[in-house]
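K.L.:
Under our numbering, the sequence shown has 102 at position 102, and the numbering climbs by one with no breaks.
Simulated from the structure, these hints should not be mistaken for lab results.
Predicted model only: the values in this text are computed from it and were never measured.
Each residue gets a CB set at the ideal place from its N, CA and C atoms; glycine is no exception.
It cannot be assumed that every hint is accurate.
Said to hold, decoys possible - In silico lysine-lysine, DSBU-like type, Cα no more than 30 Å apart, as pairs:
#: 1; residue 1: K75; residue 2: K274
#: 2; residue 1: K274; residue 2: K293
#: 3; residue 1: K230; residue 2: K274
#: 4; residue 1: K211; residue 2: K257
#: 5; residue 1: K83; residue 2: K309
#: 6; residue 1: K166; residue 2: K57
#: 7; residue 1: K87; residue 2: K57
#: 8; residue 1: K274; residue 2: K141
#: 9; residue 1: K209; residue 2: K288
#: 10; residue 1: K141; residue 2: K75
#: 11; residue 1: K294; residue 2: K274
#: 12; residue 1: K141; residue 2: K166
#: 13; residue 1: K166; residue 2: K83
#: 14; residue 1: K75; residue 2: K166
#: 15; residue 1: K274; residue 2: K296
#: 16; residue 1: K257; residue 2: K327
#: 17; residue 1: K75; residue 2: K57
#: 18; residue 1: K327; residue 2: K293
#: 19; residue 1: K296; residue 2: K327
#: 20; residue 1: K296; residue 2: K318
#: 21; residue 1: K327; residue 2: K288
#: 22; residue 1: K57; residue 2: K83
#: 23; residue 1: K257; residue 2: K318
#: 24; residue 1: K296; residue 2: K211
#: 25; residue 1: K87; residue 2: K58
#: 26; residue 1: K257; residue 2: K309
Unchecked claim - Simulated DEER-style distance windows between Cβ atoms:
#: 27; residue 1: E62; residue 2: S246; range: 50 to 56 Å
#: 28; residue 1: K274; residue 2: L116; range: 38 to 44 Å
#: 29; residue 1: F273; residue 2: G41; range: 39 to 45 Å
#: 30; residue 1: L300; residue 2: E258; range: 18 to 24 Å
#: 31; residue 1: F273; residue 2: S114; range: 43 to 49 Å
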Amino acid sequence: MMTPVERMFTVLDETAQILQEELQCTYLEAVAETGENLFHGDVLQSEVSELNAKRLKKQYRELMLERFQNEEIRKAFQLAVLKGMRKHVQPHHQMTPDAVSLFLAYLVREFTRSHLALTILDPAVGTANLLTAVLNGLRGKQAASYGVDVDDLLVKLAYVNANLQKHPVQLFNQDSLRPLFVELVDVVVCDLPVGYYPDEDNAARFALKAKEGRSYAHHLFIEQSLRYTKEGGYLFFLIPNTLFSSPQAGQLNEFLKEAAIVQGVLQLPLSMFKNEQAAKSVFILQKKGPNVKKPKHVLLVELPRFSNKSAMQAMMAKIDAWIAAEKES
1 MMTPVERMFT VLDETAQILQ EELQCTYLEA VAETGENLFH GDVLQSEVSE LNAKRLKKQY
61 RELMLERFQN EEIRKAFQLA VLKGMRKHVQ PHHQMTPDAV SLFLAYLVRE FTRSHLALTI
121 LDPAVGTANL LTAVLNGLRG KQAASYGVDV DDLLVKLAYV NANLQKHPVQ LFNQDSLRPL
181 FVELVDVVVC DLPVGYYPDE DNAARFALKA KEGRSYAHHL FIEQSLRYTK EGGYLFFLIP
241 NTLFSSPQAG QLNEFLKEAA IVQGVLQLPL SMFKNEQAAK SVFILQKKGP NVKKPKHVLL
301 VELPRFSNKS AMQAMMAKID AWIAAEKES
């Protein structure tokens, strides 16, 4: 007996393969096409043969999309995208691991407990897997969200992914480090793209432009995110563990002292990464504002393996207690 996630993945996978052949496109492009068809309950591509159009419509109809929970849709879509990314590898086509997305969803929910409604931005939205995991974790809060990405295929996949889960995400296909067409937001979530930013002319607009040589894209993303965050808003970044030991770390530290308050650094289990150099942490900032206070103690933790349920529950109880103590102080 297949689980709902397996059932949906099987339909996405089989129908994407049919469309890949019919449209002479990549598997990832076919996933976007079949996802859009599934949302509309129809075959939107005129090039598809009558026989295959009938087969596709039958599979979409029998799946009964309305019976699936958002998290089931997100996970099935993620599996199809991951399959496509293995065949179509590009360095910026990296998806945030599922356990990390769900943990970030938990952190956003707990830190924004007093908000009845939220606006959220992911400036490196990719396929919207992280963003929709966070939206799914908000449990009844109203949320308006924005996603930005320079890669047009990833933006199309994000659009389809958000539609299937009925999240009204506004998506922008542009360089995320150029001026954005978004309002200031309550929350930023971002798996930071790590590396050098190629556009030195545009980098000159940033305080974190390298004093010598090329600028780090991940530093500029932090600054850009703070520009678009309301005073007192929270930012949740996935950062490389080397962020504060790199040659430009001093400049970043000085900038953050002026602009934000560090709420926490939560180191992800090293077992998640191929090597220690690739290891990451969750970095939580709060943008400075009139009523924003420094925490008595910054939340500094090393997370256990996500598969160790009892250790994770104990850690989440510790984080909950820290948040409650800080709110009361």
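K.L.:
A separate judgement is required for each hint: does it hold in the structure or not?
P.N.:
Evaluation of the provided hints:
For the given pair, K75 sits about 23 Å from K274 by alpha-carbon distance, which is consistent with the 30 Å threshold. Straight-line distance between C-alpha atoms of K274 and K293 comes to about 38 Å, which puts the hinted pair past the 30 Å bound. Among the hinted pairs, K230 with K274 is inconsistent with the structure: their alpha-carbon atoms are about 36 Å apart, more than 30 Å. Taken as a hint, the K211 and K257 pair is honoured in the structure, with Cα atoms around 18 Å apart against an allowance of 30 Å.
This hinted pair checks out: K83 and K309 have alpha carbons roughly 27 Å apart, not beyond 30 Å. At most 30 Å may separate the alpha-carbon atoms for a hinted pair to count; K166 and K57 meet this at roughly 21 Å. Using a Cα cut-off of 30 Å, the hinted pair K87 and K57 holds, with the two alpha carbons roughly 26 Å apart. The straight-line distance between the Cα atoms of K274 and K141 is roughly 37 Å, outside the 30 Å bound, and the hint therefore fails.
Only pairs whose Cα atoms come within 30 Å are accepted, and K209 paired with K288 is accepted, the gap being roughly 21 Å. For the proposed pair K141 and K75, the alpha carbon gap of about 21 Å is at most 30 Å, so the pair holds. With a CA separation close to 35 Å, the supplied pair K294 and K274 exceeds the 30 Å bound. The straight-line distance between the Cα atoms of K141 and K166 is roughly 15 Å, inside the 30 Å bound, and the hint therefore holds.
Pair hint K166 plus K83 holds up; C-alpha atoms about 23 Å apart against a cutoff of 30 Å. Straight-line distance between C-alpha atoms of K75 and K166 comes to about 15 Å, which keeps the hinted pair within the 30 Å bound. With a CA separation close to 35 Å, the supplied pair K274 and K296 exceeds the 30 Å bound. Only pairs whose Cα atoms come within 30 Å are accepted, and K257 paired with K327 is accepted, the gap being roughly 21 Å.
Distance check on the hinted pair: K75 and K57 sit about 22 Å apart at the alpha-carbon level, within 30 Å; holds. This hinted pair checks out: K327 and K293 have alpha carbons roughly 10 Å apart, not beyond 30 Å. Under the criterion of a C-alpha separation no larger than 30 Å, the hint pairing K296 with K327 is consistent with the structure, at around 11 Å. The straight-line distance between the Cα atoms of K296 and K318 is roughly 15 Å, inside the 30 Å bound, and the hint therefore holds.
Between the alpha carbons of K327 and K288 the distance comes to roughly 16 Å, so the proposed pair stays at or under 30 Å and holds. A hinted pair counts as satisfied when its Cα atoms are at most 30 Å apart, and K57 with K83 qualifies at roughly 23 Å. For a cut-off of 30 Å, the pair hint linking K257 to K318 stands: about 26 Å separates their Cα positions. Among the hinted pairs, K296 with K211 is inconsistent with the structure: their alpha-carbon atoms are about 33 Å apart, more than 30 Å.
Taking the CA atoms of K87 and K58, the gap is about 27 Å. The hint holds against a cut of 30 Å. Proximity of K257 to K309 is assessed by CA-CA distance (about 36 Å); at most 30 Å being required, the pair is judged violated. For E62 and S246, the hinted distance range of 50 to 56 Å is satisfied, since their beta carbons lie about 52 Å from each other. Here the CB-CB span from K274 to L116 is close to 42 Å, well matched to the stated 38 to 44 Å.
At roughly 41 Å, the beta carbons of F273 and G41 sit within the given window of 39 to 45 Å. Checking the proposed 18 to 24 Å range against L300 and E258 shows it holds: the Cβ atoms sit about 22 Å from each other. The given range of 43 to 49 Å is broken by F273 and S114, whose C-beta atoms sit roughly 34 Å from each other.
Hint compliance for this structure: hints 2, 3, 8, 11, 15, 24, 26, 31 are not met, and every other hint is.
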